[in-house]
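S.K.: Turn these sequences into a full structure, and let the hints guide you.
Protein sequence lines correspond, in order, to chains A and B.
Under our numbering, think of the first position of the first sequence as 1, with each following residue one higher.
Under our numbering, think of the first position of the second sequence as 1, with each following residue one higher.
Calculated directly from the structure, the hints in this document are not laboratory data.
Don't be surprised by glycine CBs; every beta carbon is placed ideally from N, CA and C.
Honestly, I wouldn't trust all of these hints.
Unchecked claim - Some chain B residues well away from chain A (every beta-carbon gap over 12 Å; in silico):
no., residue
1, Val124
2, Glu127
3, Arg132
4, Ala136
5, Arg139
6, Asn152
7, Gly167
8, Glu183
What the hints assert, rightly or not - Listed next, the stretches of chain B that the computed footprint assigns to chain A, with coverage defined by at least 3 CB atoms under 8 Å from CB atoms of chain A:
no., stretch
9, 25–34
10, 37–44
11, 62–74
12, 91–103
13, 197–203
14, 213–219
Stated by the list, open to error - Short derived list, chain A residues pointing at chain B, Cβ under 10 Å:
no., residue
15, Leu5
16, Glu27
17, Ala58
18, Val65
19, Glu66
20, Glu100
21, Gly159
22, Thr186
23, Glu193
24, Phe198
Spelled out, the chains give:
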Amino acid sequence: MIRELTRADVEEAFLRRTAATTALADEADGIGDACHAMAARFSRGGRLITFGNGAAAADAAHLAVEFVHPVTVGKRALPALSLATDPATLTGIARRSGFEETFAEQLRTHARPDDIAVGISPDGACVNVARALGEAHDRGLLTVALVGGDGGAVAALAGERPSTRLDHLLRARSSEPSVVKEMHVTIYHVLWELTHVFLERPGAPGRGSSR
Amino acid sequence: MTGFEALYPFLYPPVDEAPGGDDAREREVFAEVRRSTREKVAEIAALRERVLATYADELVACARAMAAAFAAGGRLFSFGNGGSSTDAQGVAAMFSAPEHPGAGLPAIALTADVAVLTALSNDVSFEVVFARPLAAAGRPVDIALGLSTSGNSLNVLRAFGEARRQGMLTVGLAGYDGGRMAEADVVDHLFVMPSSSVHRIQEAQTTVYQVLGELTRTALSRPGPPARRPGSPG
Numbered sequence: 001m002i003r004e005l006t007r008a009d010v011e012e013a014f015l016r017r018t019a020a021t022t023a024l025a026d027e028a029d030g031i032g033d034a035c036h037a038m039a040a041r042f043s044r045g046g047r048l049i050t051f052g053n054g055a056a057a058a059d060a061a062h063l064a065v066e067f068v069h070p071v072t073v074g075k076r077a078l079p080a081l082s083l084a085t086d087p088a089t090l091t092g093i094a095r096r097s098g099f100e101e102t103f104a105e106q107l108r109t110h111a112r113p114d115d116i117a118v119g120i121s122p123d124g125a126c127v128n129v130a131r132a133l134g135e136a137h138d139r140g141l142l143t144v145a146l147v148g149g150d151g152g153a154v155a156a157l158a159g160e161r162p163s164t165r166l167d168h169l170l171r172a173r174s175s176e177p178s179v180v181k182e183m184h185v186t187i188y189h190v191l192w193e194l195t196h197v198f199l200e201r202p203g204a205p206g207r208g209s210s211r
Numbered sequence: 001m002t003g004f005e006a007l008y009p010f011l012y013p014p015v016d017e018a019p020g021g022d023d024a025r026e027r028e029v030f031a032e033v034r035r036s037t038r039e040k041v042a043e044i045a046a047l048r049e050r051v052l053a054t055y056a057d058e059l060v061a062c063a064r065a066m067a068a069a070f071a072a073g074g075r076l077f078s079f080g081n082g083g084s085s086t087d088a089q090g091v092a093a094m095f096s097a098p099e100h101p102g103a104g105l106p107a108i109a110l111t112a113d114v115a116v117l118t119a120l121s122n123d124v125s126f127e128v129v130f131a132r133p134l135a136a137a138g139r140p141v142d143i144a145l146g147l148s149t150s151g152n153s154l155n156v157l158r159a160f161g162e163a164r165r166q167g168m169l170t171v172g173l174a175g176y177d178g179g180r181m182a183e184a185d186v187v188d189h190l191f192v193m194p195s196s197s198v199h200r201i202q203e204a205q206t207t208v209y210q211v212l213g214e215l216t217r218t219a220l221s222r223p224g225p226p227a228r229r230p231g232s233p234g
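M.R.: Printed below as a string of structure tokens:
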């Protein structure tokens, strides 16, 4: 049996996105700081490593391809790798070491200290994402988290300075995973575009003191 | 002035004209980057408003048709290239591995099977990578949902052709002016994000497919009113 749908259902759905979109402008400072730090890492040979679960696994792959094959003609390709694209590796690690190790173990295998780790967790509760970001921090990587809701275990990594294990926390102001996802898509598109702004300006990066 | 300088006019002052040395210039770049972020947020907010104003009725009609297809035992196949391939996977995960409690709906991203993609690309052509799996597995009760920001991706258009040949429900998401996807009889339900930015198009497309998912689940999960129109589906 199918319930009738009306325009009001559609309007309500779009309305639920409005406040979170408006609030995204408040993340402009945090996004700018993250882009500056990412540009510094790329300029000294760092690579981008992305990860997330469920629909955020697709977002992790999307973020990586933005950098590897830019949609804007003439933009430099930059090295990026999603840890969520290979089911053979993912299920192999999950079977041997547990699901919570799926990304941390790959980081231990692939990451170098100059790299950038971006973890995407719409409710912040993804234990494997939190564990990988902590591992990344301890290895000297720049750590960036995209979260929503209250930020959960992932945001808790930020802790109190100087004991923080998270360099940049970017939060969508919604507790609905689908709304958070849409804000994350905008955030990572902007991360790509503005990282290039810092990379391409004369005088250029690398001297930034931010991790 | 390059296109990039036109977009960010303050970022490329002649070096000897940079006011106040590196620190001032650094502050200027940060200010420009923050302004740019706020502009993009305003752009996507306005684009979502336009999409709602243009497509509210079409979203209702499409979600109703998708709900009817799932209710009849249909499955959804999603496909796209590059960033849109990850959206195809987002669509499939949204239905088959929902965040909320309850059973999923059968949905498969044709972009996720690397063996099939590379076999067809290597042995036949890249244009058939989505059409061939649909030819093999598609049934008239199924749904084909394709994404192409330009509306011109040949493998997506070929897949729609195959889906329609089989009588499947076809749903297309595009940008710009819709490209070839907007030509007559390509898809049953077309949603064109009226923007020339691939990024804003993808962001609005994400809203469209997630709202379609929400509406489809709403249509399926609540009891409907008594049938008022004899012969209407559902």
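S.K.: Go through the numbered hints given earlier and state which of them the structure violates, listing their numbers in rising order.
M.R.: Failing hints, ascending: 20 and 21.
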